[in-house]
Amino acid sequence: MKSKYEELIDELSDKELLKHLYLTQVILVVLSVIIGSLLFDSLKSFLELFDWNDPFIWWVGVPAGLLIVCIDAMFMKFLPSSYYDDGGLNEKLFSKRKWWEILFIAAIVATCEEILFRGVIQTHFGLIVSSVIFALIHYRYLFNWFLFLNITLLSFLIGVIYEWTGNLLVTIAMHFVIDTLLGFIIKRKERIREERERNE
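So that you can map any letter, position 200 of the sequence shown is 200 in this note's numbering, and since no number is skipped, the others follow by simple counting.
No lab work stands behind these hints, which were simulated from the structure alone.
Do not rely on the hints blindly, as some may be mistaken.
Stated by the list, open to error - No farther apart than 16 Å at their CA atoms in a straight line, the calculated lysine to aspartate or glutamate pairs in the EDC-like style are these:
id: 1; residue 1: Lys92; residue 2: Asp14
id: 2; residue 1: Lys189; residue 2: Asp41
id: 3; residue 1: Lys92; residue 2: Glu11
id: 4; residue 1: Lys98; residue 2: Glu11
id: 5; residue 1: Lys96; residue 2: Glu190
id: 6; residue 1: Lys187; residue 2: Asp51
id: 7; residue 1: Lys92; residue 2: Glu194
From just these sequences and the hints, can you work out the full model?
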């Protein structure tokens, strides 16, 4: 029997789902601007969080994202599928997307979330506060202990990397790689499932 949350996800059309996703990201950006304008001395001090010449973007952010996805893929292979059940939202969001759409969604989400949670909140309130808020904002994971633990640990890890590098672009790159590859994995699973159904 489906939960009310799963029924709500089923009722959402693809257009409505994307609308909600982008609206959420707009809200995060607006919050970043409002809170950031109160906490940062100037726009310049905020922009200093972005170092485009930092090699850590490629030597830390990207490899860390790849490592997280490899670990996650291994868990997906050996753990019961119920451990990764988020009510079907990720499947609905990514399974029918073209590859460039997945890249676009991942880029928007990674940028908006990292600016608020690491750039604004962690910079001024610390690692623990930003990690907890980041985990709680992914409310759909609250219904699954494994996913909630997963997102909490991931948030903490991203926060540690931000503390270490001091460069928001490193964590944006890491977040982007994770979301992109997980989106591709979901899309591939859906394609395999469809092919299996056609062959039966």
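So if I understand the rule, the pair passes when the alpha-carbon distance is 16 Å or less; does Lys92 with Glu11 pass? holds, 11 Å
Would the hint linking Lys92 and Glu194 be met if the CA-CA limit is 16 Å? The given pair, whose Cα atoms are some 14 Å apart, holds under the 16 Å limit.
With a cut-off of 16 Å on the C-alpha distance, tell me whether Lys189 and Asp41 pass. Violated. Lys189 to Asp41 sits at ~47 Å, over the 16 Å cutoff.
Given the proposed pairing of Lys187 with Asp51, does the C-alpha separation stay at or below 16 Å? violated, 33 Å
16 Å Cα cutoff - pair Lys98, Glu11: Distance of about 22 Å is beyond 16 Å: violated.
Given the hinted pair Lys96 and Glu190, is their Cα-Cα distance within 16 Å? Holds: Lys96 and Glu190 sit about 8 Å apart, inside 16 Å.
Decide if the proposed pair is consistent with the structure: Lys92 and Asp14, CA atoms, cutoff 16 Å inclusive. Holds, at roughly 8 Å.
In the structure shown, a violation is registered for the earlier hints numbered 2, 4 and 6, in ascending order.
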